[in-house]
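Peer 1: Chains as they are written, first to last, in this note's numbering: chain A, 911 to 1308; chain B, 911 to 1308; chain C, 911 to 1308.
Misleading hints may appear alongside valid ones.
Any copy, or any two copies together, can satisfy a pair, since identical chains are not distinguished.
As the list claims (entries may be wrong) - Heads up, simulated DSSO-like pairs for lysine-lysine below, C-alpha to C-alpha not over 30 Å straight-line: (1) K1235 <-> K1197; (2) K1046 <-> K1191; (3) K1197 <-> K1209; (4) K1046 <-> K981.
It is worth saying that the hints were derived from the structure and are not from the lab.
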Amino acid sequence: MELAGLKQLIAALGEARTTLYQKDFLLTWKQTEGDLKAVLLAAEILEEMYRHNLSTRVFHAGLAVSNFRDKSTRTRFSFASAASLLGLTHQDLDESKSQVSHGETVRETANMISFVTEVLGIRDDLFVGYGHEYMKEVSESVEQGYQDGVLPQRPCVVNLQCDRDHPTQSMADLLHLQKTFGGLANLKGKKLAMTWAFSPSYGKPLSVPQGIITLMTRFGMHVTLAHPEGYDLLPECLEAAQRHAKTSGGSFTKVHSMAEAFAGADIVYPKSWAPLSLMEKRTALLKAGEGAKVEALEKEGLAENARHTDWECTEKLMTATRDGKALYMHCLPADISSISCREGEVAASVFDRYRNATYHEAEHKLYVIAAMILLTRFEHPAKILGELVQKPTPRRLA
Amino acid sequence: MELAGLKQLIAALGEARTTLYQKDFLLTWKQTEGDLKAVLLAAEILEEMYRHNLSTRVFHAGLAVSNFRDKSTRTRFSFASAASLLGLTHQDLDESKSQVSHGETVRETANMISFVTEVLGIRDDLFVGYGHEYMKEVSESVEQGYQDGVLPQRPCVVNLQCDRDHPTQSMADLLHLQKTFGGLANLKGKKLAMTWAFSPSYGKPLSVPQGIITLMTRFGMHVTLAHPEGYDLLPECLEAAQRHAKTSGGSFTKVHSMAEAFAGADIVYPKSWAPLSLMEKRTALLKAGEGAKVEALEKEGLAENARHTDWECTEKLMTATRDGKALYMHCLPADISSISCREGEVAASVFDRYRNATYHEAEHKLYVIAAMILLTRFEHPAKILGELVQKPTPRRLA
Amino acid sequence: MELAGLKQLIAALGEARTTLYQKDFLLTWKQTEGDLKAVLLAAEILEEMYRHNLSTRVFHAGLAVSNFRDKSTRTRFSFASAASLLGLTHQDLDESKSQVSHGETVRETANMISFVTEVLGIRDDLFVGYGHEYMKEVSESVEQGYQDGVLPQRPCVVNLQCDRDHPTQSMADLLHLQKTFGGLANLKGKKLAMTWAFSPSYGKPLSVPQGIITLMTRFGMHVTLAHPEGYDLLPECLEAAQRHAKTSGGSFTKVHSMAEAFAGADIVYPKSWAPLSLMEKRTALLKAGEGAKVEALEKEGLAENARHTDWECTEKLMTATRDGKALYMHCLPADISSISCREGEVAASVFDRYRNATYHEAEHKLYVIAAMILLTRFEHPAKILGELVQKPTPRRLA
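The following block holds chain A by itself, in its conformation from the complex:
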């Protein structure tokens, strides 16, 4: 993109109407369409500025705090990268090294780590019914702290994956679709198949499929959700998808066959997740301190999974998509048959053809996170970005 194009994007961001300033980014379905479009715009601008070797340092001090309550590679690095690009110091709240477990309340910890903090990024996706609640509690704590004058600024809370949504992933996916199909408007009428796929591992969160069906239905897409019996998603998300489709002129359909979902699809997103009922049982067992029974439950889950090894994104299934050329998407890491496991989510040859596309998809996440920080923390982000482009500092000397 030429510099002129970049300036146009910044001008467009200046026109955008968002409700994000001094707020959080927790669930896409709680954000306005203006918010979502502004995040996409800001992410694109930051990505272009990086490629033009323009510094995007809007902070000269301050913390970006992450709190990963589950493993992570790409989101961890995306968050750290976003912090580096904006000039924040990344600090991880490792609960095993802290006194969090010793009777400290969420409210207290949230304030204690936020005196010079601009963003709190949280991953809490292991327990159905808890992750989002935890983030809300953190959000209310820092809001209260800010209102009470305890915190000199109000850090935003960015959901890095909860039990309900994975907004930095789904927004990166949306940016990927926008770039692939030449604009948001072109997504209208496109058919997307969000389907379950077999994995030899257990307990993958539901937040990715939930994030996809709720977000893509807002842009006029025809979204088909396919999964074996028992692998339902949260009712709240199904209802939101239904509602969004109605409003946007798209559609939302549920089927129980991969082939049916793939037929004529422009985009396919085959990805494993755990049975909701098992996740709920597991959460209950862990809460009740019956950890010993979790192992038995895990075996049950794997056995259930094993009944559906035929849910694999094969070359044959791909030929049934639009012109046999649907865009394959994945949040990574994918279980690639005969590569990362014997039988998995996707055939090696299919994945290989789309490997670079999935890497581009992943790259957007760091800019989406940076965009969320920018829009929640600055009242006039377009003005600031405009000045950084007018009087540029090189990101690296040349």
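Given the structure of chain A, go ahead and fit chains B and C onto it with the hints provided.
Peer 2: Below, chains B and C without anything else, positioned relative to chain A:
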């Protein structure tokens, strides 16, 4: 505070006489009154500069190394925040990931991690008789390394809590008192009750009460220490408190009842700690490799604690303080009865009334740490701060 | 050094011919002599700039990622220090906290962590036959990602110790020799004894002696390798040392006695390592999942070591070196007899005399790493450094 007030504070710092340059901050009772006042001043200045959106970046590269030999949330984040504000890169020396255990001497490690390091922050509070000694060894090592030309600069060692003192806490507490009562001079004659309180947990360090009684007696306060039999503090600290009180015109009294200490108090600081004799036995057992016996000792300690559940900061006790309105203080996290435990250090309603005050108290710690770094690492800190205010860089773009 | 001398070094770097731009630094014997000399020059320049309080911040954002698959103190801090000096944000890839183990390929992870990354520093020295291969795989992955347009820049891979070489150590050692003997030219004809030494610990990598014999033979030195039977180094390294000696006019000799190696030596480098055959057996057992047998093997290794406690760098041995004053070198931590163990690699009095020298030796490593990043990531490093000296920013305010 107006900008003019900030400039006055910087002018006052320029007049301050300190011995801190090229030194450490290990124990408040080894520092001059000028040192302590300069730390308070610099902390206040840095805090004001933050609120005026003024960058306090005095370093453009270099490390701030922390070494936590015990768990920590707020001190860990305070240290990282101070590093970020001053422009240093925080790096944690995680001994489990290092070769420290493999025959490396303290002297060697201290030098190896300090080639571009400006500050070494250490928490070592688990073993009576060892934490302070370790810090002194680190300090002597880097001093020697600097004298020998091995280190191009002499990093300061900042005590982030040892077996004797917790100076970043007590100095933050003093700043909190200064702000609450409108100046250091106003602390003269005020009555402070530093009392033991019941906690269902075991082994809390003695360094907070020791830090409080030794520091507050220097400013003309009437300090009363109260604890059950057996919960004595280190004799060295009791003597220092006695000596300080005599010099400053304050007083230092020991009683064995919470009610007696609270009566007429302007400030109360009810906080649990472990019996000294048990801590000493525990240290000896661990040194002797008799870890198995530690568990029995722990049970003994908890049983001893349990005899004193009536040592709780209740509403009733609070009514006996000056006008029933003494300032409640705590280093956090507090054991709040019926919130973080069944019976604890403080009644929920009391804590709730002072919650925001304790959060402000905690906030000062990061600025106290930054002030200690600034004063030990720069010969003319007031000149540098003055220039940062004259030709300001915004901390965040606006 | 005066500023004029620094400018001369920068001018010399401007004349240097290197092949490093857009490449990696994995094995010294794969790099040209021009590359090696440029690294030494750049390291010296960066070290001088530090001492002149000149900022060397060439990046204003971006990551420096480390991946330590073995414990480390000094290399970890060297890497973090280099990142801080150049302006990069250090981020550690802790495989236990990532999803790397869950079927993610090396290629994928390498790309996922590299979207804004300038350097990947890797330590992988535990398994003979694997460390270097892993680094090559990472290198090929990011090269491919860059060629495919997935990565906007091509991060360099810096070997922080593999099974074959430890180039940041050996180059730091070479810089130490250059400074000690007044120039690279003066190393010609000097006699260096690289000898095994007894250690009560087991499994130390072979990469240090391999790095030393292959590198020092390139500069006309007479290198003698001494070790007990069974402690052979990799044939590839012995051949490279032989070849280098022939080309440079130096020599490479193998003996089986410490005394023979020390006789008349200008430099001695007594250091323990594991028997190659045991390391190979250990690797095979671990690969085969027979971890239980590793313990037995370890006992075998320690018993074998124990037969050679007489391989200690004593005062008596030192007297046989050139004028009794050979330079003692060590990569640290050394096993110091009666200090860090009962019997070890070196007598306490010998080590003590050279302690500061070994600390200086260690200091160079951080500048060597920074130099490797600079030369691989910038096409015209001398131009950039020249500008940083012409229009200086102070590293710390003054």
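Peer 1: Looking at the structure, which of the earlier hints fail to hold?
Peer 2: 1
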